[in-house]
Amino acid sequence: MTVEDQVRDIVAKITRVDKSIITRQSTFKEIKADSLDVVQALVAVEETFGIEIPDEEAQKFQNFGDFVSYVESRVAQEEKV
Amino acid sequence: MSLDGKLALVTGSGRGIGRAIALKLASQGVDIIVNFFRHRDSAEQTAKDIESLGVKAEVIRANVGDPAKIDEMFDMISNKFGRLDILISNAASGVGRPVVDIDVKAWEWTMDINARALLLCAQRAAKLMEGRGGKIVSISSLGSRFVLPNYTVVGVSKAALEALTRYLAIELAPQNICVNTVAASAVETEALKFYFKEGLVKDNRQVTPAGRMVIPEDVANIVAFLCSEEAFMIRGQTIIVDGGTSVGLFALAGK
Ligand SMILES: NC(=O)c1ccc[n+]([C@@H]2O[C@H](COP(=O)([O-])OP(=O)(O)OC[C@H]3O[C@@H](n4cnc5c(N)ncnc54)[C@H](OP(=O)(O)O)[C@@H]3O)[C@@H](O)[C@H]2O)c1
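Sequence order for the protein chains is B and L. Mind the numbering: the first sequence is residues 45 to 125 in this note's numbering, read in order. Mind the numbering: the second sequence is residues 459 to 713 in this note's numbering, read in order.
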């Protein structure tokens, strides 16, 4: 499973929306994610990939795609180390 | 009132009231373990500011709503220091919603971080205080006994925290551990500035007999006192720091 698929599964499970509606362009509002959903998704993604996503970075995510891109770049970094 | 050479864990001390408590204790010679959750930069900055007061600081990330993370944090403290003198349970989170919109997720999130964390941290801390005694202080709010709009879950979690404080105070007394809570009214922090802007909290100076808002240092001063030997006979109490607001029935008074 790609990073994107894994993140999508996590977000869909937390927000209880069908994962087929979550595209890279979807905003958190469109996915019906409130601030608690967002924090819980961040925590679940952190634990799945063994990374830390500081709030300062998370604040910058405009949509699901930004979130996925950030996780992808962090996972790639981890693999290099 | 020197606490020289003691070691304290302050949960959620990267910013806000926790940071003020950490700095106050540090200024009295206490080495500080700075716990944070989402804001590492703030925690690192607080640690630097603590070190500039001439004591040691250690930064630990842990979500105190997660029992496994609490265990990891205490395992680290146990391995690295093998002791703890002071536990300040300050970290809090919450979901502001009307009663009818509170779901299980919002309830559990808030209760786990605000109330259960005190229980789990106190259990682990008591072990590290064995044979040396210690102090446990948590931070509550007026919402535990008074109703504030959209504050239900947090208010309930704080009521649980205050009740738990009484039980801990009695059951840990034989181990020479003093347990108390400090409850504040609205405190001037970054979080509050946000609530002001959103119109969720009003400027409460008119209803504060002391004439100004409570600031984080007001809370920190009382916490430090409760950590001192002078406070030895205060057990299981909730000390209110609100400039007198809660003793007046301001809701009934005309403008
Ligand atoms: N401000 C007020 O008006 C007021 C009034 C009465 C009582 N209080 C109480 O005072 C305490 C501190 O409040 P504050 O206003 O300083 O809070 P704040 O500015 O909202 O900051 C919350 C603090 O708690 C930490 N935190 C949140 N969730 C956490 C978790 N799951 N695990 C570990 N740390 C976590 C945060 O760390 P990160 O930033 O790293 O996530 C941050 O340091 C709380 O218990 C609050 O209920 C506040």
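Please note that a few of the clues may not be correct.
Pairs of lysine-lysine, DSS-like flavour, derived with a Cα cap of 25 Å [unchecked claim]: (1) K585(L) x K63(B); (2) K124(B) x K57(B); (3) K563(L) x K514(L); (4) K73(B) x K57(B); (5) K538(L) x K104(B); (6) K73(B) x K63(B); (7) K57(B) x K538(L); (8) K514(L) x K538(L); (9) K76(B) x K655(L); (10) K655(L) x K73(B).
Some chain L residues close to chain B (C-beta under 8 Å, calculated; not the full set) [stated by the list, open to error]: (11) E502; (12) M691; (13) R693.
In case anyone wonders, no lab produced these hints; they're calculated from the structure. Note that the Cβ used here is the ideal one computed from N, Cα and C, for glycine as well.
Consistency of the hints with the structure:
1. Under the criterion of a C-alpha separation no larger than 25 Å, the hint pairing K585(L) with K63(B) is inconsistent with the structure, at around 46 Å.
2. Proximity of K124(B) to K57(B) is assessed by CA-CA distance (about 30 Å); at most 25 Å being required, the pair is judged violated.
3. The hinted pair formed by K563(L) and K514(L) fails the criterion: a straight-line CA distance of about 38 Å is larger than 25 Å.
4. Between K73(B) and K57(B) the CA atoms are separated by roughly 16 Å; this keeps the pair inside 25 Å, and the hint holds.
5. A C-alpha spacing of about 36 Å is found between K538(L) and K104(B), which places the hinted pair above 25 Å, so the restraint is violated.
6. Using a Cα cut-off of 25 Å, the hinted pair K73(B) and K63(B) holds, with the two alpha carbons roughly 15 Å apart.
7. Restraint check for K57(B) and K538(L): the C-alpha separation of about 38 Å exceeds 25 Å, so the hint is violated.
8. As the CA atoms of K514(L) and K538(L) are separated by approximately 13 Å, the hinted pair is consistent with the 25 Å bound.
9. Under the criterion of a C-alpha separation no larger than 25 Å, the hint pairing K76(B) with K655(L) is consistent with the structure, at around 24 Å.
10. As the CA atoms of K655(L) and K73(B) are separated by approximately 21 Å, the hinted pair is consistent with the 25 Å bound.
11. Among the interface hints, the one on E502(L) is violated; its C-beta lies about 11 Å from the nearest C-beta in chain B, farther than the 8 Å criterion.
12. Annotation: interface hint on M691(L) violated; nearest CB of chain B at approximately 41 Å, more than 8 Å.
13. Proximity of R693(L) to chain B is violated relative to the hint, the smallest CB-CB distance being about 35 Å (cut-off 8 Å).
Going down the numbered hints, you'll see the structure goes against 1, 2, 3, 5, 7, 11, 12, 13, while the others check out.
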